[in-house]
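Participant: Letter by letter, the chains look like this.
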Amino acid sequence: MEPIRSYASQEIKQETNQIEPQKEPKLKKRKVWVPGLLLLTPILLFIFGFFVIPMLYILYLSFISTDNLGANDAVYSIKNYTQLFSDSYYLSSLWLTVKISLYSVLVALFLGYPVALTMAKSSARIRGYITLLIVSPLLVSIVVRNFGWYLLLLPNGTINQTLMSLGIINAPLKLLFSEIGVVIGLSNAYLPFMILSIVASLYNIDPSLDKAGAILGASPFRRFFSITLPLSIPGIVSGCILVFSLSMSAYVTPALMGGANVPVMPVVIYDQINNLLHWTFGSALSYILLATTVISVAIFTRVFEKGKFKEVFR
Amino acid sequence: MEVLKKDVEIKRHHLEPVQQSVSKKNDVEIKGAFKQFGSNVVLNGIDLEVKQGELLTLLGPSGCGKSTTLNLIAGFLDADRGEVHIKGNNVTKVPPYKRDLGMVFQTYSLFPHMTVYENLSFGLKLRKVGKAEQKKKISKALELVKMSGLENRYPRELSGGQRQRVAISRALVVEPELLLLDEPLSNLDAKLRHELRAEIKRLQKEIGVTTIFVTHDQEEALSMSDRVVVMNAGKIEQISTPTDIYNHPKTEFVFQFIGKSNCFEGKVSAVDKRTISVKIGSDISLVDADNIMGNDSDLKTGDEVKIYIRPEKLKIVSAEETSFSPIDFHRANISQINYLGTSWEINVLLQGKSIQVLTSDIDSSWKNGSEVFIGWSPSEVMLVKK
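As they're listed, the protein sequences go chains A and S. In this text, residue positions in the first sequence follow this note's numbering: the first is 1, and each later residue adds one. In this text, residue positions in the second sequence follow this note's numbering: the first is 1, and each later residue adds one.
No wet-lab data here; the hints were simulated from the structure. Don't take every hint at face value.
Restraint-style ranges between C-beta atoms, simulated for each label pair [what the hints assert, rightly or not]:
no., chain 1, residue 1, chain 2, residue 2, range
1, S, 342, A, 204, 42 to 50 Å
2, S, 189, A, 47, 32 to 40 Å
3, A, 207, S, 233, 37 to 45 Å
4, A, 300, S, 206, 30 to 38 Å
Simulated pairs of lysine-lysine, DSS-like, Cα-Cα distance not exceeding 27 Å [as the list claims (entries may be wrong)]:
no., chain 1, residue 1, chain 2, residue 2
5, A, 211, S, 93
6, S, 260, A, 211
7, A, 211, S, 135
8, S, 131, A, 310
9, S, 98, A, 211
10, S, 87, A, 211
Some residues of chain S that are not near chain A, with every Cβ distance over 12 Å (derived) [unchecked claim]:
no., residue
11, 45
12, 113
13, 118
14, 130
15, 235
Note that the Cβ used here is the ideal one computed from N, Cα and C, for glycine as well.
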């Protein structure tokens with residue numbers, strides 16, 4: 001065989017001249033794969049060098065049970081992993097992370113769905129404006145946004161002052177440096193992802209289905225729950241997965257909105273590695289967080305794809 | 001749960017065959033409907049009456065207002081002016097889900113997350129039909145469209161033709177006041193279209209449900225309907241039986257839109273009670289006085305007119321045999337002969353104009369350039385004032 005790349009075009013010519021139908025699939029294959037692979041090479045190299053290798057290195061670190069990394073007598077064990085289960089602090093941190101992420105998903109879903117529904121029913125121009133509005137918070141740095149929340153949520157911030165002056169509460173609510181604060185921050189930050197994925201799936205629903213429902217006698221309320229909502233489940237699922245994964249791994253928002261009161265896993269991991277210099281234990285915690293996210297997402301997806309509405313995923 | 005306008009226990013149409021003749025009662029009446037989208041007038045004063053039990057077709061080019069009219073009846077659109085009455089009730093302000101209609105859409109519109117059975121039971125549940133009764137009605141409705149046994153399939157697992165059959169039975173299972181069909185065949189291939197066309201016609205007659213059918217396909221309209229409504233630019237051009245629409249079009253638009261047509265321009269040379277003589281070039285053609293299209297039927301000598309003739313109504317003969325009466329023949333030359341299987345399409349030059357003739361008789365000696373005689377009967381020519 002000749003080298004593939006440089007002679008590819010000549011070979012194609014030769015092959016089409018010979019009337020041999022068996023060579024057809026081979027020719028097609030070469031045409032599709034070679035340029036595709038070439039175009040993907042830079043990103044593959046980038047991901048390999050800056051993602052796969054560091055991840056493998058962290059995995060390697062997580063199995064070293066000596067604290068002194070430079071030591072030649074490194075001991076390999078799963079001690080770092082078992083440590084998590086022996087100390088309730090880390091287990092409760094993991095549970096806290098999952099809990100806060102779930103709350104953020106729910107808040108984003110209930111705030112986002114009506115917006116998505118409105119967008120899907122609007123004209124293309126209005127939809128453009130709403131998209132711009134939804135995406136615009138992403139243009140502001142997350143740190144700046146969090147300090148913005150401070151002004152509202154602090155004990156003497158706008159919200160507490162308003163509620164107190166109206167006589168609804170006597171003492172300021174603990175909105176900041178609490179779980180509520182973190183959920184507010186996370187759901188706010190990731191709301192655009194929820195809205196945009198729901199819109200995409202709402203927009204794919206054939207509008208005549210709603211008409212068909214109406215003609216058969218279903219009220220708008222009924223149509224929403226029997227037709228629109230079930231058919232938008234793929235968007236809901238992907239939006240939930242996005243917000244959940246992002247919330248699970250969020251560091252800045254929990255650190256600023258929750259501080260030491262809300263020690264979610266990313267904050268704990270940062271602490272272990274940067275402050276306590278426990279690189280190996282921090283690495284193990286990272287992998288535990290990753291595994292928790294992946295398993296949760298897998299179960300969540302499974303439940304929907306095998307459940308009552310499995311047909312909408314096809 | 002829904003409270004429907006009418007008690008569903010009252011049986012209107014049955015899924016069992018009932019021989020029901022088209023009566024004089026009107027099931028649908030549209031009065032002076034006017035609808036505008038922005039500056040675009042889509043319905044410009046529509047008056048329409050649909051008789052009980054008939055299959056009425058709204059036919060016209062895209063943008064003529066036929067779909068808008070159907071949406072008005074369904075309740076998906078509100079007219080700017082005018083009223084819609086269904087079975088004697090003014091439903092102009094009634095939302096679609098309270099109108100108790102059945103509708104079949106171009107895109108099938110089966111609920112993709114429901115099985116065939118669930119699709120059919122959707123409307124029945126809303127009407128609070130009991131489980132056992134539902135089952136009976138659904139199996140009967142599926143049998144009607146020859147889809148029994150596919151209850152547990154999802155729409156995705158059905159072919160286009162099967163989906164449309166299910167859609168039809170979903171519309172019928174609730175025993176609606178009216179059946180609305182919005183171009184239901186246009187997504188299917190030619191063979192299936194033919195098959196379903198015949199089936200819809202048979203079903204409609206069997207069940208006797210008043211049906212309004214929207215299509216842009218004239219063949220569909222002519223073959224299926226009891227009456228055809230030809231629409232153009234937001235107005236009704238003509239409402240009549242298919243044969244009448246084809247043979248006695250009221251307007252120039254109807255003639256041109258339906259079937260093929262040849263057109264001559266000429267001048268009225270004489271008018272009497274029964275016939276009008278039109279001078280075309282150096283020839284004279286006679287036209288029945290009844291065959292004047294358009295509103296302006298008052299003709300005088302010297303008026304500029306157009307006359308229309310269908311290609312299959314033209315007689316084509318060799319030079320020798322010119323003794324038919326009352327047909328007047330005109331000298332012409334063949335410019336092209338096309339064989340179509342069941343007939344020949346012959347293009348001839350008559351008075352310098354290219355004319356199309358459809359005939360099943362052909363003289364084997366004819367070839368391009370042959371001199372022939374083209375004739376037509378005064379009763380088959382339509383005339384319109386220019």
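Participant: Does each hint fit the structure? Answer for all of them.
Facilitator: Now for the hints, and whether the structure bears them out:
Taken as a hint, the range 42 to 50 Å holds for the pair residue 342 (chain S) and residue 204 (chain A), whose Cβ atoms sit roughly 46 Å apart. Against the hinted window of 32 to 40 Å, the Cβ-Cβ separation of residue 189 (chain S) and residue 47 (chain A) comes to about 46 Å, which falls outside the hint. One distance hint, 37 to 45 Å for the beta-carbon pair residue 207 (chain A) and residue 233 (chain S), is violated here, with the actual separation near 26 Å. At roughly 50 Å, the beta-carbon separation of residue 300 (chain A) and residue 206 (chain S) lies outside the given 30 to 38 Å, and the hint is violated.
Distance hint between residue 211 (chain A) and residue 93 (chain S) is fulfilled; the C-alpha atoms sit about 17 Å from each other, no more than 27 Å. At roughly 37 Å between alpha-carbon atoms, residue 260 (chain S) and residue 211 (chain A) are farther apart than 27 Å, so this suggested pair is violated. Between residue 211 (chain A) and residue 135 (chain S) the CA atoms are separated by roughly 24 Å; this keeps the pair inside 27 Å, and the hint holds. Only pairs whose Cα atoms come within 27 Å are accepted, and residue 131 (chain S) paired with residue 310 (chain A) is accepted, the gap being roughly 24 Å.
As the CA atoms of residue 98 (chain S) and residue 211 (chain A) are separated by approximately 13 Å, the hinted pair is consistent with the 27 Å bound. The hinted pair formed by residue 87 (chain S) and residue 211 (chain A) meets the criterion: a straight-line CA distance of about 22 Å does not exceed 27 Å. Annotated as non-interface, residue 45 (chain S) keeps its C-beta farther than 12 Å from every C-beta of chain A; the closest such distance is 26 Å. A Cβ of chain A approaches the Cβ of residue 113 (chain S) within 12 Å, the least distance being about 5 Å, so the stated non-interface status is violated.
A Cβ of chain A approaches the Cβ of residue 118 (chain S) within 12 Å, the least distance being about 10 Å, so the stated non-interface status is violated. Listed as outside the interface, residue 130 (chain S) is consistent with that label: its C-beta sits roughly 16 Å from the nearest C-beta of chain A, beyond the 12 Å cut-off. Its beta-carbon lying about 26 Å from the closest one in chain A, residue 235 (chain S) satisfies the requirement of being farther than 12 Å from that chain.
Hint violations for this structure: numbers 2, 3, 4, 6, 12 and 13, all remaining hints satisfied.
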